[in-house]
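**Student:** Sequence:
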Amino acid sequence: MKKLEVLLGAALLMAAPEAFADTVRRALVIAHNGSDDPALAPLRYADDDGVLWAETLKRLGVETTLLVDPDEPTRKGGSLVLKSAQAPTRAAVEQAVKRLQAATLADHAAGRQTDVLIVYVGHGNTDDAGRAYFTLADARLDRGSLYSELVDPLGADYVHVIADACRASGVVGSRGGTPDAAVLAELRGVLAREQLASRPHVGALFAESEDGETHEWSRIRAGVFSHVARSGLLGGADINGDGQVEYSELAAFVAASLHGVKGMPARLSVNAFAPTAEPRRPLVGPAPEGPRVTFPAGFEYARLSVEDAAGQRLVDVRRSPQQWTQILLPLRDVYWVRAPDAEARVTLAQLSSGTPELRPRELQERGPAEEALRRGLFAVPLDRSFYDEYVAAVGLVPVDFSHSFQPSVSSGARSPLAVAGPSHWTSRLELGLGAGRSPLGLAKFAAGPSLSWRTPSSMDLLYYGVRGAYGVTPLAARDGIRLHRFTVEGLVGLDRPANTPLFAEVGLGWGILGLTAPGFLQADTSVLTGHVAAGVTGRFAGMPVRLSAQVGLDRVTANGQTGMDRQYGLEISLRR
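In mature numbering (1 follows the signal peptide of the UniProt record, and there is no 0), the protein residues as written are -21 to -1, 1 to 555.
Hints were generated in silico from the structure; no laboratory data involved. Glycine is no exception: its CB is placed at the ideal position from the N, C-alpha and C atoms. Be aware that a few hints might be false.
Unchecked claim - Label-pair restraints from in silico Cβ distances:
1) 476 to 279: 17 to 23 Å
2) 55 to 277: 38 to 44 Å
3) 269 to 536: 54 to 60 Å
4) 320 to 17: 44 to 50 Å
5) 367 to 70: 44 to 50 Å
6) 328 to 17: 22 to 28 Å
7) 371 to 327: 39 to 45 Å
8) 327 to 536: 49 to 55 Å
9) 327 to 410: 26 to 32 Å
10) 364 to 480: 21 to 27 Å
11) 248 to 23: 21 to 27 Å
12) 513 to 367: 34 to 40 Å
13) 328 to 277: 22 to 28 Å
What the hints assert, rightly or not - Listed below are the simulated DSS-like cross-link pairs for lysine-lysine, each with C-alpha atoms no more than 25 Å apart in a straight line:
14) 37 to 55
15) 77 to 37
16) 62 to 37
17) 77 to 62
Assemble the whole structure, with the sequences as input and the hints as a guide.
**Tutor:** What follows is the structure, encoded as C-alpha coordinates:
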(Lines of atoms letter the chains of each structure in order from A and count residues from 1; the text may use other names and numbers.)
(Lines give C-alpha, C1' and ligand atoms only; values in the text may rest on other atoms or scores of the structure.)
Protein backbone atom coordinates (compact mmCIF):
# COMPACT_ATOMS: atom_id res chain seq x y z
CA MET A 1 0.00 0.00 0.00
CA LYS A 2 2.84 2.36 0.84
CA LYS A 3 4.52 1.68 -2.49
CA LEU A 4 1.23 2.40 -4.23
CA GLU A 5 0.96 5.72 -2.39
CA VAL A 6 4.48 6.71 -3.39
CA LEU A 7 3.88 5.83 -7.04
CA LEU A 8 0.53 7.56 -7.03
CA GLY A 9 2.02 10.63 -5.37
CA ALA A 10 4.83 10.83 -7.90
CA ALA A 11 2.33 10.59 -10.74
CA LEU A 12 0.17 13.31 -9.25
CA LEU A 13 3.10 15.60 -8.68
CA MET A 14 4.15 15.10 -12.29
CA ALA A 15 0.63 15.74 -13.53
CA ALA A 16 -0.19 18.74 -11.33
CA PRO A 17 2.39 21.14 -12.80
CA GLU A 18 1.97 19.82 -16.36
CA ALA A 19 0.39 23.07 -17.48
CA PHE A 20 3.49 24.91 -16.28
CA ALA A 21 6.11 22.36 -17.40
CA ASP A 22 7.26 24.67 -20.22
CA THR A 23 7.13 27.78 -18.05
CA VAL A 24 10.27 29.81 -17.39
CA ARG A 25 10.31 32.02 -14.31
CA ARG A 26 12.53 35.06 -13.89
CA ALA A 27 12.64 37.81 -11.30
CA LEU A 28 13.82 41.36 -10.84
CA VAL A 29 14.53 42.27 -7.20
CA ILE A 30 14.97 45.96 -6.35
CA ALA A 31 16.03 46.92 -2.82
CA HIS A 32 17.02 50.33 -1.50
CA ASN A 33 17.51 51.63 2.05
CA GLY A 34 17.53 55.33 1.23
CA SER A 35 14.85 57.96 0.64
CA ASP A 36 14.73 61.22 -1.29
CA ASP A 37 12.68 62.74 1.52
CA PRO A 38 14.89 64.29 4.26
CA ALA A 39 12.11 63.65 6.75
CA LEU A 40 12.45 59.88 6.34
CA ALA A 41 15.34 58.10 7.99
CA PRO A 42 17.08 55.42 5.91
CA LEU A 43 15.89 51.88 6.38
CA ARG A 44 18.22 49.35 8.02
CA TYR A 45 17.31 46.06 6.40
CA ALA A 46 15.88 46.69 2.92
CA ASP A 47 19.24 45.69 1.42
CA ASP A 48 19.31 42.52 3.55
CA ASP A 49 15.79 41.77 2.34
CA GLY A 50 16.92 42.21 -1.25
CA VAL A 51 19.74 39.71 -0.77
CA LEU A 52 17.41 37.21 0.92
CA TRP A 53 14.78 37.64 -1.79
CA ALA A 54 17.40 36.90 -4.45
CA GLU A 55 18.68 33.83 -2.57
CA THR A 56 15.15 32.60 -1.98
CA LEU A 57 14.06 32.93 -5.60
CA LYS A 58 17.24 31.31 -6.90
CA ARG A 59 16.62 28.38 -4.55
CA LEU A 60 13.11 28.12 -6.01
CA GLY A 61 14.53 27.82 -9.52
CA VAL A 62 13.83 31.41 -10.56
CA GLU A 63 16.51 33.16 -12.61
CA THR A 64 16.99 36.38 -10.61
CA THR A 65 18.47 39.83 -11.24
CA LEU A 66 19.30 41.81 -8.08
CA LEU A 67 19.55 45.60 -7.92
CA VAL A 68 20.75 46.70 -4.47
CA ASP A 69 23.22 49.08 -2.88
CA PRO A 70 24.28 47.11 0.20
CA ASP A 71 25.55 48.76 3.37
CA GLU A 72 28.78 47.63 4.98
CA PRO A 73 27.30 44.89 7.23
CA THR A 74 25.42 43.43 4.26
CA ARG A 75 28.56 43.47 2.08
CA LYS A 76 30.52 41.72 4.84
CA GLY A 77 27.88 38.99 4.83
CA GLY A 78 29.50 37.82 1.60
CA SER A 79 26.40 36.50 -0.15
CA LEU A 80 27.20 35.18 -3.62
CA VAL A 81 24.22 37.03 -5.14
CA LEU A 82 26.02 40.33 -4.47
CA LYS A 83 28.74 39.49 -7.00
CA SER A 84 26.43 40.24 -9.93
CA ALA A 85 24.29 42.88 -8.21
CA GLN A 86 24.06 46.47 -9.41
CA ALA A 87 22.86 49.64 -7.70
CA PRO A 88 19.10 50.29 -8.00
CA THR A 89 19.30 53.22 -10.43
CA ARG A 90 16.90 54.05 -13.23
CA ALA A 91 19.52 53.06 -15.82
CA ALA A 92 20.07 49.69 -14.11
CA VAL A 93 16.31 49.09 -14.06
CA GLU A 94 16.04 49.90 -17.78
CA GLN A 95 18.94 47.55 -18.63
CA ALA A 96 17.44 44.75 -16.54
CA VAL A 97 14.05 45.15 -18.25
CA LYS A 98 15.68 44.99 -21.69
CA ARG A 99 17.49 41.75 -20.77
CA LEU A 100 14.27 40.25 -19.44
CA GLN A 101 12.39 41.37 -22.57
CA ALA A 102 14.96 39.73 -24.85
CA ALA A 103 14.85 36.51 -22.81
CA THR A 104 11.05 36.50 -22.97
CA LEU A 105 11.08 36.86 -26.76
CA ALA A 106 13.50 33.94 -27.04
CA ASP A 107 11.32 31.80 -24.76
CA HIS A 108 8.20 32.56 -26.74
CA ALA A 109 9.99 31.66 -29.96
CA ALA A 110 10.85 28.31 -28.38
CA GLY A 111 7.24 27.73 -27.34
CA ARG A 112 7.74 28.41 -23.62
CA GLN A 113 5.54 30.51 -21.36
CA THR A 114 7.16 33.15 -19.15
CA ASP A 115 6.43 34.48 -15.68
CA VAL A 116 8.31 37.42 -14.20
CA LEU A 117 8.30 38.38 -10.53
CA ILE A 118 9.02 42.00 -9.66
CA VAL A 119 10.01 42.44 -6.01
CA TYR A 120 10.50 45.89 -4.49
CA VAL A 121 11.75 46.46 -0.93
CA GLY A 122 12.42 49.97 0.34
CA HIS A 123 10.91 53.37 0.99
CA GLY A 124 7.64 54.44 -0.55
CA ASN A 125 6.23 57.94 -0.28
CA THR A 126 3.76 60.38 -1.81
CA ASP A 127 4.68 63.57 -3.65
CA ASP A 128 3.04 66.98 -3.25
CA ALA A 129 0.20 65.95 -5.58
CA GLY A 130 -0.53 62.83 -3.54
CA ARG A 131 0.95 60.44 -6.10
CA ALA A 132 2.58 57.41 -4.53
CA TYR A 133 6.02 56.24 -5.62
CA PHE A 134 8.86 53.86 -4.78
CA THR A 135 12.33 55.27 -4.25
CA LEU A 136 15.28 54.30 -6.43
CA ALA A 137 18.85 55.42 -5.81
CA ASP A 138 18.50 58.31 -8.29
CA ALA A 139 14.84 58.39 -9.31
CA ARG A 140 11.23 57.67 -8.44
CA LEU A 141 9.07 54.80 -9.61
CA ASP A 142 5.38 55.75 -9.48
CA ARG A 143 2.35 53.79 -10.63
CA GLY A 144 2.62 55.01 -14.19
CA SER A 145 6.30 54.21 -14.56
CA LEU A 146 5.89 50.86 -12.81
CA TYR A 147 3.56 49.73 -15.57
CA SER A 148 4.98 51.64 -18.53
CA GLU A 149 8.69 51.04 -17.75
CA LEU A 150 8.64 47.64 -16.04
CA VAL A 151 5.50 45.55 -16.38
CA ASP A 152 4.38 46.24 -19.94
CA PRO A 153 7.78 46.17 -21.75
CA LEU A 154 8.56 42.72 -20.32
CA GLY A 155 6.10 41.07 -22.68
CA ALA A 156 5.75 38.21 -20.19
CA ASP A 157 2.71 35.97 -20.12
CA TYR A 158 2.27 36.75 -16.41
CA VAL A 159 3.81 39.33 -14.09
CA HIS A 160 3.70 39.10 -10.29
CA VAL A 161 4.46 42.23 -8.24
CA ILE A 162 5.48 41.85 -4.59
CA ALA A 163 6.06 45.07 -2.67
CA ASP A 164 7.24 45.73 0.88
CA ALA A 165 7.28 49.51 1.09
CA CYS A 166 5.41 52.62 2.12
CA ARG A 167 2.54 53.43 -0.22
CA ALA A 168 2.74 49.98 -1.82
CA SER A 169 -0.98 50.07 -2.45
CA GLY A 170 -0.57 53.35 -4.27
CA VAL A 171 2.12 52.14 -6.62
CA VAL A 172 0.96 48.75 -7.61
CA GLY A 173 1.37 50.60 2.17
CA SER A 174 4.56 50.79 4.31
CA ARG A 175 7.87 51.40 5.94
CA GLY A 176 7.63 54.90 7.32
CA GLY A 177 6.25 58.24 6.28
CA THR A 178 3.13 60.12 7.23
CA PRO A 179 0.04 58.04 6.51
CA ASP A 180 -2.88 59.37 4.55
CA ALA A 181 -5.77 56.93 4.77
CA ALA A 182 -7.79 58.64 2.04
CA VAL A 183 -4.88 58.53 -0.42
CA LEU A 184 -4.21 54.87 0.38
CA ALA A 185 -7.85 53.89 -0.03
CA GLU A 186 -8.16 55.74 -3.34
CA LEU A 187 -4.99 54.24 -4.73
CA ARG A 188 -5.99 50.73 -3.72
CA GLY A 189 -9.09 51.21 -5.81
CA VAL A 190 -7.01 52.48 -8.74
CA LEU A 191 -4.84 49.37 -8.55
CA ALA A 192 -7.82 47.04 -8.57
CA ARG A 193 -9.53 48.88 -11.43
CA GLU A 194 -6.40 49.04 -13.59
CA GLN A 195 -5.55 45.42 -13.06
CA LEU A 196 -9.02 44.04 -13.62
CA ALA A 197 -9.75 46.28 -16.60
CA SER A 198 -6.58 46.28 -18.66
CA ARG A 199 -3.94 43.92 -17.24
CA PRO A 200 -5.52 40.56 -16.44
CA HIS A 201 -2.09 38.90 -16.61
CA VAL A 202 -0.72 40.95 -13.69
CA GLY A 203 -0.95 39.91 -10.05
CA ALA A 204 0.17 41.76 -6.93
CA LEU A 205 0.83 41.05 -3.27
CA PHE A 206 1.67 43.59 -0.59
CA ALA A 207 1.02 44.36 3.06
CA GLU A 208 -0.17 47.47 4.83
CA SER A 209 -1.50 48.45 8.21
CA GLU A 210 -4.16 50.60 9.77
CA ASP A 211 -1.72 53.51 10.07
CA GLY A 212 -0.03 53.00 6.70
CA GLU A 213 3.20 51.48 8.05
CA THR A 214 4.78 48.08 7.72
CA HIS A 215 7.64 47.08 10.00
CA GLU A 216 11.25 46.05 10.12
CA TRP A 217 12.35 43.83 12.98
CA SER A 218 15.96 43.79 14.14
CA ARG A 219 15.72 40.23 15.44
CA ILE A 220 15.21 38.82 11.95
CA ARG A 221 17.16 41.64 10.22
CA ALA A 222 14.38 42.01 7.68
CA GLY A 223 11.00 43.51 6.97
CA VAL A 224 8.28 41.49 8.66
CA PHE A 225 6.14 41.15 5.53
CA SER A 226 9.09 40.18 3.33
CA HIS A 227 10.21 37.55 5.83
CA VAL A 228 6.73 36.07 6.11
CA ALA A 229 6.23 36.04 2.33
CA ARG A 230 9.57 34.33 1.74
CA SER A 231 8.74 31.73 4.40
CA GLY A 232 5.51 31.00 2.56
CA LEU A 233 7.17 30.66 -0.85
CA LEU A 234 9.81 28.32 0.61
CA GLY A 235 7.12 25.84 1.54
CA GLY A 236 5.20 27.19 4.51
CA ALA A 237 2.27 28.21 2.32
CA ASP A 238 2.04 25.01 0.24
CA ILE A 239 -1.09 23.73 1.95
CA ASN A 240 -2.01 21.09 -0.64
CA GLY A 241 1.54 19.77 -0.98
CA ASP A 242 1.81 20.02 -4.77
CA GLY A 243 5.15 21.86 -4.71
CA GLN A 244 3.66 25.10 -6.07
CA VAL A 245 2.53 28.23 -4.23
CA GLU A 246 -0.52 30.05 -5.55
CA TYR A 247 -1.86 33.49 -4.58
CA SER A 248 -4.55 32.08 -2.31
CA GLU A 249 -1.97 29.97 -0.46
CA LEU A 250 0.58 32.75 0.01
CA ALA A 251 -2.02 35.34 1.01
CA ALA A 252 -3.61 32.95 3.51
CA PHE A 253 -0.18 32.04 4.93
CA VAL A 254 0.76 35.71 5.40
CA ALA A 255 -2.63 36.44 6.97
CA ALA A 256 -2.32 33.49 9.36
CA SER A 257 1.26 34.38 10.28
CA LEU A 258 0.37 38.01 11.09
CA HIS A 259 -2.96 37.19 12.74
CA GLY A 260 -1.61 36.72 16.25
CA VAL A 261 0.57 39.84 16.51
CA LYS A 262 -0.71 41.98 19.38
CA GLY A 263 0.67 45.02 21.13
CA MET A 264 2.04 46.78 18.03
CA PRO A 265 0.98 50.33 17.12
CA ALA A 266 -0.88 48.99 14.08
CA ARG A 267 -1.79 45.63 12.66
CA LEU A 268 -0.50 44.42 9.32
CA SER A 269 -2.84 42.98 6.74
CA VAL A 270 -2.17 41.43 3.36
CA ASN A 271 -3.57 42.52 0.00
CA ALA A 272 -3.56 39.97 -2.81
CA PHE A 273 -4.71 40.39 -6.42
CA ALA A 274 -4.33 37.16 -8.40
CA PRO A 275 -4.12 37.53 -12.19
CA THR A 276 -7.72 37.58 -13.37
CA ALA A 277 -6.78 35.75 -16.57
CA GLU A 278 -5.66 32.78 -14.46
CA PRO A 279 -6.46 33.18 -10.74
CA ARG A 280 -4.66 29.94 -9.84
CA ARG A 281 -1.43 30.89 -11.60
CA PRO A 282 1.39 29.80 -9.24
CA LEU A 283 4.05 32.30 -8.25
CA VAL A 284 6.72 29.60 -7.85
CA GLY A 285 7.30 25.85 -8.06
CA PRO A 286 8.05 23.07 -8.34
CA ALA A 287 11.55 23.77 -7.04
CA PRO A 288 14.75 22.05 -8.16
CA GLU A 289 16.69 19.68 -5.93
CA GLY A 290 18.54 21.36 -3.08
CA PRO A 291 18.68 21.80 0.70
CA ARG A 292 15.37 21.09 2.42
CA VAL A 293 14.05 19.85 5.74
CA THR A 294 10.86 17.88 6.35
CA PHE A 295 8.73 18.02 9.49
CA PRO A 296 6.36 15.03 9.44
CA ALA A 297 2.85 14.93 10.84
CA GLY A 298 3.07 14.39 14.57
CA PHE A 299 6.42 16.20 14.92
CA GLU A 300 6.47 17.51 18.46
CA TYR A 301 7.16 21.20 17.70
CA ALA A 302 4.66 23.45 15.94
CA ARG A 303 6.51 26.81 15.85
CA LEU A 304 9.78 26.40 13.93
CA SER A 305 12.41 28.65 12.40
CA VAL A 306 15.64 28.10 10.51
CA GLU A 307 18.66 30.43 10.82
CA ASP A 308 22.12 30.31 9.33
CA ALA A 309 25.38 30.30 11.27
CA ALA A 310 25.49 34.12 11.21
CA GLY A 311 22.08 34.35 12.90
CA GLN A 312 20.17 35.42 9.78
CA ARG A 313 16.60 34.17 9.98
CA LEU A 314 15.80 32.29 6.76
CA VAL A 315 12.38 30.73 7.34
CA ASP A 316 9.61 30.65 9.94
CA VAL A 317 6.58 28.41 9.98
CA ARG A 318 3.76 27.51 12.34
CA ARG A 319 2.40 24.02 11.79
CA SER A 320 -0.76 22.41 13.08
CA PRO A 321 -0.05 19.24 15.12
CA GLN A 322 -0.82 16.76 12.33
CA GLN A 323 0.47 18.86 9.44
CA TRP A 324 3.24 17.62 7.14
CA THR A 325 5.56 20.46 6.13
CA GLN A 326 8.57 20.59 3.85
CA ILE A 327 10.76 23.71 3.88
CA LEU A 328 13.23 24.57 1.11
CA LEU A 329 16.39 26.31 2.28
CA PRO A 330 18.80 28.75 0.63
CA LEU A 331 22.25 27.19 0.39
CA ARG A 332 24.31 27.40 3.59
CA ASP A 333 27.02 25.24 5.18
CA VAL A 334 25.29 25.23 8.58
CA TYR A 335 21.69 25.72 9.70
CA TRP A 336 20.09 26.17 13.12
CA VAL A 337 16.60 24.71 13.39
CA ARG A 338 14.84 26.33 16.34
CA ALA A 339 11.62 26.01 18.29
CA PRO A 340 10.72 28.40 21.15
CA ASP A 341 12.47 26.16 23.69
CA ALA A 342 14.64 23.81 21.62
CA GLU A 343 17.17 23.87 18.80
CA ALA A 344 19.44 21.75 16.64
CA ARG A 345 22.60 22.57 14.68
CA VAL A 346 22.52 20.88 11.28
CA THR A 347 25.18 20.91 8.60
CA LEU A 348 24.31 20.83 4.93
CA ALA A 349 25.43 17.20 4.75
CA GLN A 350 23.29 16.24 7.76
CA LEU A 351 20.08 17.47 6.11
CA SER A 352 19.97 14.21 4.16
CA SER A 353 19.74 12.27 7.45
CA GLY A 354 16.15 13.33 8.10
CA THR A 355 14.38 15.64 10.50
CA PRO A 356 16.81 17.00 13.10
CA GLU A 357 16.31 16.16 16.76
CA LEU A 358 15.93 19.37 18.75
CA ARG A 359 17.40 19.84 22.24
CA PRO A 360 16.26 22.27 24.97
CA ARG A 361 17.60 25.83 24.96
CA GLU A 362 17.13 28.96 27.06
CA LEU A 363 14.66 31.74 26.20
CA GLN A 364 15.71 35.37 25.99
CA GLU A 365 13.19 38.16 26.47
CA ARG A 366 13.84 41.45 24.66
CA GLY A 367 11.24 44.00 25.69
CA PRO A 368 7.57 44.64 24.86
CA ALA A 369 7.81 45.28 21.10
CA GLU A 370 10.13 42.34 20.60
CA GLU A 371 7.87 40.22 22.77
CA ALA A 372 4.76 41.21 20.81
CA LEU A 373 6.38 40.05 17.57
CA ARG A 374 8.08 37.01 19.10
CA ARG A 375 4.86 35.70 20.61
CA GLY A 376 2.42 36.87 17.96
CA LEU A 377 4.23 36.38 14.66
CA PHE A 378 3.56 32.91 13.26
CA ALA A 379 1.29 32.19 16.23
CA VAL A 380 -1.51 30.88 14.00
CA PRO A 381 -0.90 27.89 11.70
CA LEU A 382 -2.04 27.84 8.08
CA ASP A 383 -4.24 24.77 8.39
CA ARG A 384 -7.11 23.79 6.12
CA SER A 385 -9.74 25.48 8.29
CA PHE A 386 -7.96 28.87 8.32
CA TYR A 387 -7.22 28.61 4.61
CA ASP A 388 -10.81 27.85 3.62
CA GLU A 389 -12.22 30.65 5.77
CA TYR A 390 -9.65 33.19 4.55
CA VAL A 391 -10.03 32.41 0.84
CA ALA A 392 -13.81 32.55 1.12
CA ALA A 393 -13.66 35.88 2.96
CA VAL A 394 -11.35 37.64 0.47
CA GLY A 395 -12.71 36.02 -2.69
CA LEU A 396 -9.53 34.34 -3.96
CA VAL A 397 -9.72 31.16 -6.03
CA PRO A 398 -8.70 28.19 -3.85
CA VAL A 399 -6.11 25.60 -4.77
CA ASP A 400 -7.04 22.08 -5.86
CA PHE A 401 -7.12 19.62 -2.96
CA SER A 402 -8.40 16.66 -4.99
CA HIS A 403 -4.84 15.51 -5.66
CA SER A 404 -3.29 16.71 -2.41
CA PHE A 405 -0.31 14.52 -1.63
CA GLN A 406 2.33 14.53 1.08
CA PRO A 407 5.11 12.31 -0.22
CA SER A 408 6.80 9.60 1.71
CA VAL A 409 10.55 9.80 1.51
CA SER A 410 12.86 7.26 0.01
CA SER A 411 16.29 7.35 -1.54
CA GLY A 412 15.05 5.95 -4.83
CA ALA A 413 13.43 7.93 -7.62
CA ARG A 414 12.34 11.20 -6.12
CA SER A 415 9.49 13.52 -6.91
CA PRO A 416 10.18 17.26 -7.03
CA LEU A 417 9.22 17.45 -3.36
CA ALA A 418 11.22 14.50 -2.09
CA VAL A 419 14.02 14.83 0.42
CA ALA A 420 17.21 12.87 0.13
CA GLY A 421 17.30 10.34 2.90
CA PRO A 422 14.74 9.22 5.49
CA SER A 423 11.85 11.39 6.44
CA HIS A 424 11.66 11.69 10.15
CA TRP A 425 14.70 10.63 12.23
CA THR A 426 18.41 9.96 12.30
CA SER A 427 20.59 7.30 13.93
CA ARG A 428 19.93 6.87 17.64
CA LEU A 429 21.61 5.45 20.69
CA GLU A 430 19.15 4.25 23.33
CA LEU A 431 19.80 3.24 26.93
CA GLY A 432 17.08 1.04 28.31
CA LEU A 433 15.96 -0.81 31.40
CA GLY A 434 13.95 -4.01 31.04
CA ALA A 435 12.22 -6.51 33.27
CA GLY A 436 10.52 -9.83 32.49
CA ARG A 437 10.42 -13.56 32.92
CA SER A 438 13.48 -15.14 34.46
CA PRO A 439 15.47 -17.50 32.20
CA LEU A 440 14.42 -21.10 32.66
CA GLY A 441 11.72 -19.93 35.06
CA LEU A 442 14.06 -20.43 38.03
CA ALA A 443 13.24 -17.11 39.70
CA LYS A 444 10.37 -14.65 39.94
CA PHE A 445 11.80 -12.24 37.36
CA ALA A 446 14.97 -10.84 35.81
CA ALA A 447 15.91 -7.22 35.15
CA GLY A 448 18.78 -5.32 33.63
CA PRO A 449 20.04 -2.63 31.21
CA SER A 450 20.27 -2.58 27.42
CA LEU A 451 22.08 -0.48 24.86
CA SER A 452 20.71 -0.17 21.34
CA TRP A 453 21.69 1.58 18.13
CA ARG A 454 19.07 2.08 15.41
CA THR A 455 19.38 3.87 12.08
CA PRO A 456 16.93 4.40 9.19
CA SER A 457 17.42 2.32 6.07
CA SER A 458 17.06 3.38 2.46
CA MET A 459 13.58 1.80 2.41
CA ASP A 460 10.68 3.92 3.54
CA LEU A 461 9.79 3.50 7.25
CA LEU A 462 12.26 0.63 7.84
CA TYR A 463 15.26 0.74 10.14
CA TYR A 464 18.02 -1.61 11.24
CA GLY A 465 20.39 -1.73 14.18
CA VAL A 466 21.98 -3.74 16.95
CA ARG A 467 21.03 -4.31 20.58
CA GLY A 468 22.96 -5.59 23.55
CA ALA A 469 21.15 -6.54 26.77
CA TYR A 470 22.05 -7.91 30.17
CA GLY A 471 19.63 -9.39 32.67
CA VAL A 472 20.07 -10.83 36.13
CA THR A 473 17.72 -12.30 38.71
CA PRO A 474 18.05 -9.63 41.42
CA LEU A 475 16.60 -11.87 44.13
CA ALA A 476 19.03 -14.74 44.76
CA ALA A 477 17.72 -18.13 45.80
CA ARG A 478 18.33 -19.38 49.32
CA ASP A 479 21.55 -21.07 48.24
CA GLY A 480 22.74 -17.86 46.56
CA ILE A 481 22.04 -18.95 43.00
CA ARG A 482 21.61 -16.21 40.40
CA LEU A 483 20.91 -16.40 36.68
CA HIS A 484 22.65 -14.08 34.21
CA ARG A 485 21.68 -13.57 30.57
CA PHE A 486 23.64 -11.53 28.03
CA THR A 487 22.53 -11.17 24.39
CA VAL A 488 23.61 -9.34 21.24
CA GLU A 489 21.09 -9.13 18.39
CA GLY A 490 20.75 -7.57 14.98
CA LEU A 491 17.52 -5.61 14.55
CA VAL A 492 15.11 -4.87 11.71
CA GLY A 493 12.08 -2.71 12.41
CA LEU A 494 9.18 -0.61 11.16
CA ASP A 495 8.98 2.94 12.55
CA ARG A 496 5.98 5.29 12.64
CA PRO A 497 3.67 3.53 10.14
CA ALA A 498 0.92 5.84 8.86
CA ASN A 499 2.53 8.73 10.80
CA THR A 500 1.71 7.11 14.16
CA PRO A 501 4.16 6.98 17.10
CA LEU A 502 4.17 3.16 16.92
CA PHE A 503 6.97 0.77 15.99
CA ALA A 504 7.58 -2.97 15.62
CA GLU A 505 10.85 -4.86 15.30
CA VAL A 506 12.44 -8.30 15.06
CA GLY A 507 15.79 -9.26 16.56
CA LEU A 508 18.03 -12.29 16.01
CA GLY A 509 21.38 -13.04 17.58
CA TRP A 510 23.60 -14.84 20.07
CA GLY A 511 23.77 -14.94 23.84
CA ILE A 512 25.30 -16.37 27.00
CA LEU A 513 23.25 -17.86 29.84
CA GLY A 514 25.07 -18.31 33.13
CA LEU A 515 24.31 -19.62 36.63
CA THR A 516 26.38 -18.44 39.57
CA ALA A 517 26.47 -19.42 43.24
CA PRO A 518 29.11 -19.13 45.94
CA GLY A 519 32.06 -21.08 44.56
CA PHE A 520 30.10 -22.27 41.50
CA LEU A 521 29.82 -21.15 37.86
CA GLN A 522 28.10 -22.81 34.91
CA ALA A 523 27.29 -21.28 31.53
CA ASP A 524 25.95 -21.99 28.05
CA THR A 525 27.94 -19.76 25.68
CA SER A 526 26.13 -20.78 22.49
CA VAL A 527 22.60 -19.52 23.09
CA LEU A 528 20.70 -18.66 19.91
CA THR A 529 18.11 -16.00 20.64
CA GLY A 530 15.43 -14.01 18.86
CA HIS A 531 12.55 -11.72 19.77
CA VAL A 532 9.73 -9.61 18.41
CA ALA A 533 8.82 -6.30 20.00
CA ALA A 534 6.23 -3.59 19.52
CA GLY A 535 5.57 -0.35 21.29
CA VAL A 536 5.31 3.41 21.17
CA THR A 537 7.70 6.37 21.11
CA GLY A 538 7.05 9.72 22.72
CA ARG A 539 8.28 12.18 25.32
CA PHE A 540 8.10 12.10 29.09
CA ALA A 541 9.14 15.13 31.16
CA GLY A 542 10.72 16.53 27.99
CA MET A 543 12.81 13.41 27.37
CA PRO A 544 12.39 11.23 24.25
CA VAL A 545 11.41 7.74 25.40
CA ARG A 546 10.58 4.37 23.89
CA LEU A 547 8.29 1.83 25.59
CA SER A 548 8.11 -1.71 24.22
CA ALA A 549 6.70 -5.15 24.97
CA GLN A 550 8.87 -8.08 23.93
CA VAL A 551 8.36 -11.80 23.33
CA GLY A 552 11.26 -14.08 22.46
CA LEU A 553 12.85 -17.53 22.45
CA ASP A 554 16.28 -18.75 23.57
CA ARG A 555 17.80 -22.03 22.39
CA VAL A 556 19.46 -23.16 25.63
CA THR A 557 21.43 -26.22 26.68
CA ALA A 558 20.99 -27.03 30.39
CA ASN A 559 21.86 -30.25 32.25
CA GLY A 560 22.88 -31.78 28.93
CA GLN A 561 19.52 -31.15 27.32
CA THR A 562 18.75 -28.57 24.61
CA GLY A 563 15.38 -26.82 24.45
CA MET A 564 13.57 -23.58 23.79
CA ASP A 565 13.12 -21.13 26.66
CA ARG A 566 10.43 -18.46 26.32
CA GLN A 567 11.18 -14.83 27.15
CA TYR A 568 8.77 -11.95 27.62
CA GLY A 569 8.86 -8.61 29.36
CA LEU A 570 8.73 -4.81 29.14
CA GLU A 571 11.44 -2.27 28.42
CA ILE A 572 11.66 1.51 28.64
CA SER A 573 14.55 3.36 27.04
CA LEU A 574 15.80 6.91 26.62
CA ARG A 575 16.87 8.10 23.18
CA ARG A 576 19.97 10.14 22.61
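**Student:** Check the following: the C-beta atoms of residue 367 and residue 70 are separated by a distance inside 44 to 50 Å.
**Tutor:** About 47 Å separates the Cβ atoms of residue 367 and residue 70, which means 44 to 50 Å holds.
**Student:** Residue 77 and residue 62: Cα distance at most 25 Å?
**Tutor:** 20 Å, holds
**Student:** Okay, residue 328 versus residue 277 on CB: inside 22 to 28 Å?
**Tutor:** 26 Å, holds
**Student:** Quick check on a hinted range of 21 to 27 Å for residue 248 and residue 23, using CB atoms only.
**Tutor:** At roughly 23 Å between Cβ atoms, residue 23 and residue 248 fall inside 21 to 27 Å, so the hint holds.
**Student:** For the range 26 to 32 Å, tell me whether the beta carbons of residue 327 and residue 410 fit it or not.
**Tutor:** 30 Å, holds
**Student:** Note whether the CB distance of residue 513 and residue 367 lies within 34 to 40 Å or breaks it.
**Tutor:** 38 Å, holds
**Student:** Given the hint of 49 to 55 Å, is the C-beta distance from residue 327 to residue 536 inside that range or not?
**Tutor:** Holds, since residue 327 and residue 536 (Cβ atoms, about 53 Å apart) stay within the stated range.
**Student:** With 17 to 23 Å as the target window, see if residue 476 and residue 279 comply at their CB atoms.
**Tutor:** Given about 18 Å between the Cβ atoms, the range holds.
**Student:** Do the Cβ positions of residue 364 and residue 480 conform to the proposed distance bound of 21 to 27 Å?
**Tutor:** 24 Å, holds
**Student:** Starting from the range 22 to 28 Å, see whether the pair residue 328 and residue 17 falls in it by beta-carbon distance.
**Tutor:** 50 Å, violated
**Student:** Could you grab the alpha-carbon distance between residue 77 and residue 37 and see if it respects the 25 Å cut-off?
**Tutor:** 20 Å, holds
**Student:** Go ahead and decide if the range 39 to 45 Å is satisfied by the Cβ distance of residue 371 to residue 327.
**Tutor:** 41 Å, holds
The structure does not agree with numbered hint 6 stated previously, though it agrees with all others.
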